Amino acid sequence: MKRVVITGAGTVNALGLDVPSTLEAMREGHCGISELKFRDVDRLSIKIGGQIHGWTTENRFNRQQIALYDRFTQFALTAAKEAIEQSGLEFIGDLAAKSGVIFGTSGGGLNTQDDNYRMVYEEGKNRVHPFVVPKLMNNASCSHVSMEYNLKGPSFTVATACASSNHAMGQAFNMVRCGMATAMVTGGSESMLCFGGVKAWEGLRVMSKDACRPFSLNRNGMVQGEGAAVFVFEEYEHAKARGAEILCEVIGFSMTSDASDIVMPSKQGAARAIAGAMADAQINPEDIGYINAHGTGTAANDKTECAAVADALGHHADTVMMSSTKSMHGHLIGGTGAVELLACIMALKDGVIAPTINYEEPDPECALDVVPNEARDADVDVVLSNAFAFGGLNAVIALRKAS
Amino acid sequence: MSDEIKTKIIAIIAEQAVLEPSDVRDDQGLDDLGIDSLGLVECIFAIEETFDISVPFNANEPDQSDFDISSVAAIVKAVQGLIAEQSS
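Protein chains in written order, with the numbering used here: chain F, 613 to 1015; chain B, 71 to 158.
These are calculated hints, taken from the structure and not from any lab test.
Here the structure is a predicted model, which is why all the values come from computation and not from measurement.
Note that the Cβ used here is the ideal one computed from N, Cα and C, for glycine as well.
Take these hints with a grain of salt, some might be off.
Heads up, simulated DSSO-like pairs for lysine-lysine below, C-alpha to C-alpha not over 30 Å straight-line [to be verified]: (1) B:K78 to F:K614; (2) F:K1013 to F:K693; (3) F:K614 to F:K852; (4) F:K614 to F:K961; (5) F:K737 to F:K811; (6) F:K821 to B:K147; (7) B:K147 to F:K811; (8) F:K852 to F:K693; (9) F:K915 to F:K659.
FRET-style restraints, in silico, Cβ to Cβ [as the list claims (entries may be wrong)]: (10) F:E814 to B:E85: 19 to 27 Å; (11) F:N830 to B:Q156: 44 to 52 Å; (12) F:A979 to B:Q150: 35 to 43 Å; (13) B:D122 to F:G666: 34 to 42 Å; (14) F:G736 to B:S157: 28 to 36 Å; (15) B:D138 to F:D654: 24 to 32 Å; (16) B:E74 to F:S869: 42 to 50 Å; (17) F:H741 to B:S157: 21 to 29 Å; (18) B:P91 to F:D822: 37 to 45 Å.
Input sequences plus hints: build the corresponding full structure.
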């Protein structure tokens, strides 16, 4: 089995349009959640989100590109550029043939769907732009990144709702680990903040109207976000031979299915995924210094997740730090695990644990150290990143400090 | 009018519970009727559509909502209140 390391990272999200500004915002405990701005927002009862404001498409892409790039593809391409430039890799010859792209997304080109449905149903038009299908398809972001960077190996898109990115990165990890690929560009992208996207979530009555307050007794639901994060996963010897900067090592991955309920999470399913990631990484609970929680801020997730961590980590659950950065960037659904991996890298590389902001009242059912409100300096060697999706699909990644 | 509202609400609840309306009693809670959280959200949706009202309900804090769902009778009373409030 090969060792797998991360040699590049890139992002755009409500906290920042690149990795340094995002990590700075996480260190400062900034909140990227604001008033939503898009067409028909006045017809929504949920009016807040982790929206990326000031995204001027025209300054970033040319006319031909804009015709083909949904917002989620624009986010993915921008994050991929930062990640691949940082890695210093140039994909030619054998390296190109043995490197691919695996992304997570849930809604894909939802803005494109929303705009075009509105046009044919509401405005009564009978003709749509010829590129609607290639623009809205879930694999569009993956394909455009592969085209832009000549990535010719295994490439596809994973859709497992809120766990999409973790499932995607888990596949990339295993492909490099087993020798199928030399490097993989992986992560996720989501752009669900449009009228139809938020309206659908409103119906489920799990959204907060004012703030995302994970683990706090007075939490009242999730807040959506948007954006992307992309990483370069590379075989360790390959990275070492070329003297690449190693951000951290990916050491384990596990996925489970609750096989029980389409929306309610299960403690057993989550605990099995956490325990599975520890077993895959060959680590003990005591090795884990930090967990980036799924931490959606809903009543159900947060208490179930805390119980699952207590189950899987035993008495070490009382000492481990666990925060939810969704309190700052919102829930990016299919892109969320990727943005949250940045907090894991910051913990390992910079020794800074991102906080759970908006934490106001302790909840006896969430009695772990959730790093409330302020970032903390800590030297940690191993971290986990949790993702538990609607539909009961769980994916947990384990990372270790570069050595 | 009031009886008509009650009949419609009981029909909605009975449909979710897969019971005959005559088997739904005023004092029963949704748990007693075997209606889970998803069933509750569906009931509220049906109530909103039937009476053209907006029901203030967040699944994360069902107990803190102004909308009392503790029993069938409480739901009927709450809906009557909302209709009076929102039709004016």
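Okay, the hints, checked on the actual structure:
1. B:K78 to F:K614: violated, 64 Å
2. F:K1013 to F:K693: Holds, at roughly 24 Å.
3. F:K614 to F:K852: holds, 13 Å
4. F:K614 to F:K961: Roughly 22 Å between the alpha carbons, so the hint for K614 (chain F) and K961 (chain F) holds.
5. F:K737 to F:K811: Roughly 23 Å between the alpha carbons, so the hint for K737 (chain F) and K811 (chain F) holds.
6. F:K821 to B:K147: Judged against 30 Å, a Cα distance of about 26 Å means the pair holds.
7. B:K147 to F:K811: Holds, at roughly 28 Å.
8. F:K852 to F:K693: holds, 22 Å
9. F:K915 to F:K659: holds, 26 Å
10. F:E814 to B:E85: 19 to 27 Å: holds, 23 Å
11. F:N830 to B:Q156: 44 to 52 Å: violated, 27 Å
12. F:A979 to B:Q150: 35 to 43 Å: 41 Å Cβ-Cβ, so the 35 to 43 Å window holds.
13. B:D122 to F:G666: 34 to 42 Å: Given a distance of about 39 Å, which is inside 34 to 42 Å, the answer is holds.
14. F:G736 to B:S157: 28 to 36 Å: holds, 32 Å
15. B:D138 to F:D654: 24 to 32 Å: holds, 29 Å
16. B:E74 to F:S869: 42 to 50 Å: holds, 46 Å
17. F:H741 to B:S157: 21 to 29 Å: violated, 44 Å
18. B:P91 to F:D822: 37 to 45 Å: About 38 Å separates the Cβ atoms of P91 (chain B) and D822 (chain F), which means 37 to 45 Å holds.
Consistency with the previously given hints fails for numbers 1, 11, 17, ordered from lowest to highest.
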